[in-house]
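As you go down the protein sequences, you meet chains A and B in turn.
Residue numbering for the first sequence follows this note's numbering, starting at 30 and increasing by one per position.
Residue numbering for the second sequence follows this note's numbering, starting at -6 and increasing by one per position.
I should point out that these hints are in silico values taken from the structure, not numbers from a laboratory.
Cβ atoms here follow ideal geometry from the backbone N, Cα and C, with glycine treated the same way.
Check the hints yourself; a few may be wrong.
A few chain B residues that face chain A, going by a derived Cβ cut-off under 7 Å, partial list only [said to hold, decoys possible]:
| hint | residue |
| --- | --- |
| 1 | Ala70 |
| 2 | Leu72 |
| 3 | Tyr103 |
| 4 | Asn107 |
| 5 | Ser109 |
| 6 | Trp113 |
| 7 | Ile126 |
| 8 | Lys154 |
With a Cα cut of at most 30 Å, we get these calculated DSS-like pairs of lysine-lysine [claimed, not checked]:
| hint | chain 1 | residue 1 | chain 2 | residue 2 |
| --- | --- | --- | --- | --- |
| 9 | B | Lys154 | A | Lys170 |
| 10 | A | Lys33 | B | Lys154 |
| 11 | A | Lys208 | A | Lys77 |
Here is what each chain is made of, one letter per residue.
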Amino acid sequence: MNGKQLLFLAVSLPIFLLAWEVVCRLFAVPSYLIPSPGEIFTATYQVKDELFVHTGVTFLEAFLGFGLGSLFGVTLGVLCSFSKNIETMLMPYAIALKTIPIVAIAPLLTIWFGTNFFPKILLAALTCFFPTLINTIEGLKSVPQDYIDVFNSMASSEWQIFRWLRWPNALPYIFSGLKIATVFAVIGAIVAEFAGAMSGIGFRLLIASYQLETAVLFVYIIASSILGICCYGVVCLVGRLIITWEK
Amino acid sequence: MCRSDELLFLCLMVESMGEQSVGDTSVCFSGVSFSYQTDSEQVDVLNNLTFSIPKHQVCGLVGPSGCGKSTVLKIIADLIPKNQRTHMAGTVRVFGERLENLRNGGYISYVPQNPSLFPWWTVIDNVMLPYRIAGNISAVGFSQAEELLRKVGLWEFRNSKATELSVGMQRRASIVRALLYSSDLMLLDEPLASLDEMTREEIGIVLAGIQSEFKTTTIMVSHDLSETVLFCDRVLVLSPRPSRLVVDIPINLSRPRCFEHRNTDTFFLALRDIRRALASAAKRKGAETTTGVQ
Chain A
30 MNGKQLLFLA VSLPIFLLAW EVVCRLFAVP SYLIPSPGEI FTATYQVKDE
80 LFVHTGVTFL EAFLGFGLGS LFGVTLGVLC SFSKNIETML MPYAIALKTI
130 PIVAIAPLLT IWFGTNFFPK ILLAALTCFF PTLINTIEGL KSVPQDYIDV
180 FNSMASSEWQ IFRWLRWPNA LPYIFSGLKI ATVFAVIGAI VAEFAGAMSG
230 IGFRLLIASY QLETAVLFVY IIASSILGIC CYGVVCLVGR LIITWEK
Chain B
-6 MCRSDELLFL CLMVESMGEQ SVGDTSVCFS GVSFSYQTDS EQVDVLNNLT
44 FSIPKHQVCG LVGPSGCGKS TVLKIIADLI PKNQRTHMAG TVRVFGERLE
94 NLRNGGYISY VPQNPSLFPW WTVIDNVMLP YRIAGNISAV GFSQAEELLR
144 KVGLWEFRNS KATELSVGMQ RRASIVRALL YSSDLMLLDE PLASLDEMTR
194 EEIGIVLAGI QSEFKTTTIM VSHDLSETVL FCDRVLVLSP RPSRLVVDIP
244 INLSRPRCFE HRNTDTFFLA LRDIRRALAS AAKRKGAETT TGVQ
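Looking at chain A on its own, in the form it has when it is part of the complex (with noise of 0.2 Å):
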């Protein structure tokens, strides 16, 4: 984010919650409905030391989720990459999964491994699977013919060729697929929470719309937000540090 961009957010945010609360008084809307900015604050310090834990749950979730469908989807990625083969064969699987959708999943997993971390994580990576797997492929298929007859007329190995211009080739993509990911991840894990869970955002969500406690459901929507963006910078940020050719 720049400083035009920030800018922005600090005079436009205050504006848009100030005539938010202005209308909330205004009209007497009901809070069960919309509840105010006013409201979502008190209810953010009332449930403050469960929305760390919820937050911090779903965090764990995601983050373990993002590592394990990454790790996956690179793997696989470079093994299509050196493989025709493999790729025939893995592709009609990965898009399969894919055009699932995560909600018709998660009660599955559920019932198959029960209602603890194992479920959440898993359709986190399952989210993150795919984005991961397409940008890597097309990152290592994409290298310009004129670098590998650079390479080849060099007389270099294939794993020569992956390893100093394949791969880094590849990472601008990787990257790409790994911002997505990450936001999927978050998703994926508060998905598989709905479906059944002791704790985290998803759960907590639930319990709060069961109770029609609209503010609460607020917060955590605000929560799983923030989170999303925090992971999305995360990655990033160490998507910059590692790519430094790209302006």
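Let chain A serve as the given structure and place chain B on it in line with the hints.
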């Protein structure tokens, strides 16, 4: 083309195809034909191409777009994939050896049309690529790289990322990288393409310097006829696809070459001969096509 012009080209061809011993020859094409298969048709690129280039000579390859000039370079550099879609006939010898025996020999350096510096590396990392691939990054290699980078005025930029250099500087760095791999035979694919006049002259000076210092046998593909005449000892004019040798024109300009050579009669005559040969080949191709259609 009039009869006397055709005779002139024939004479020039015979004159330049004087007998050379294998030991003096760096590249020899004997009846080389090359074609590849697309999904819908077979494309004949080269047709019975025969020529030989002596050591230390700078040879230009000119011809219409798509006639297979770059393919000739890629055949010499062994960059054509050998599969069911490509077919090559004839013999290519480099320094007297059949091409397949020269693999991994480190005799041929190739500079593609795009400078192809890797953006994730600095200039020095890029030019040290031949040593990196050979697993031989040593102080000797580094000092050779330093010497060449100083010669082309890039030593101060050794720690810059490749993307921070101008196109001309990138071209110079890619030539240095190729020279560090081999200064025996250098293949240049359009070294002056898409450059402004100042940068073309800058690269031209680098190429002339390399030739006078290393006596590198150079084969240069170019669309720019003036620059080709200026830097080459000899120009091979290729016909439209399927490409064959139309005429082999020696350039009798003294060395070292400089931009003042552009004002000499020899330069203008050579340029005229090349243009006539290209026009004649295009006309003949047009006539063949018309006959074929009829």
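Do the hints match the structure? See the list:
At its closest, the beta carbon of Ala70 of chain B sits 5 Å from a beta carbon of chain A; the interface hint therefore holds under the 7 Å criterion. Hint status for Leu72 of chain B: holds, given a least beta-carbon distance of 5 Å to chain A, under 7 Å. Interface hint status for Tyr103 of chain B: upheld, as the beta-carbon distance to the closest one in chain A is roughly 4 Å, under 7 Å. Below 7 Å, beta-carbon pairs count as interface contacts, and Asn107 of chain B has one with chain A at about 4 Å; its hint therefore holds.
Taken as an interface hint, Ser109 of chain B checks out: its beta carbon lies about 5 Å from the nearest beta carbon of chain A, inside 7 Å. Hint status for Trp113 of chain B: holds, given a least beta-carbon distance of 4 Å to chain A, under 7 Å. Below 7 Å, beta-carbon pairs count as interface contacts, and Ile126 of chain B has one with chain A at about 5 Å; its hint therefore holds. For Lys154 of chain B, the shortest C-beta to C-beta distance to chain A is roughly 5 Å, which falls under 7 Å, so the interface hint holds.
A C-alpha spacing of about 23 Å is found between Lys154 of chain B and Lys170 of chain A, which places the hinted pair at or below 30 Å, so the restraint holds. Distance check on the hinted pair: Lys33 of chain A and Lys154 of chain B sit about 28 Å apart at the alpha-carbon level, within 30 Å; holds. With a C-alpha separation of about 29 Å, the suggested pair Lys208 of chain A and Lys77 of chain A falls inside the 30 Å cut-off, and the hint holds.
Comparing the model with each numbered hint stated earlier shows that all of them hold.
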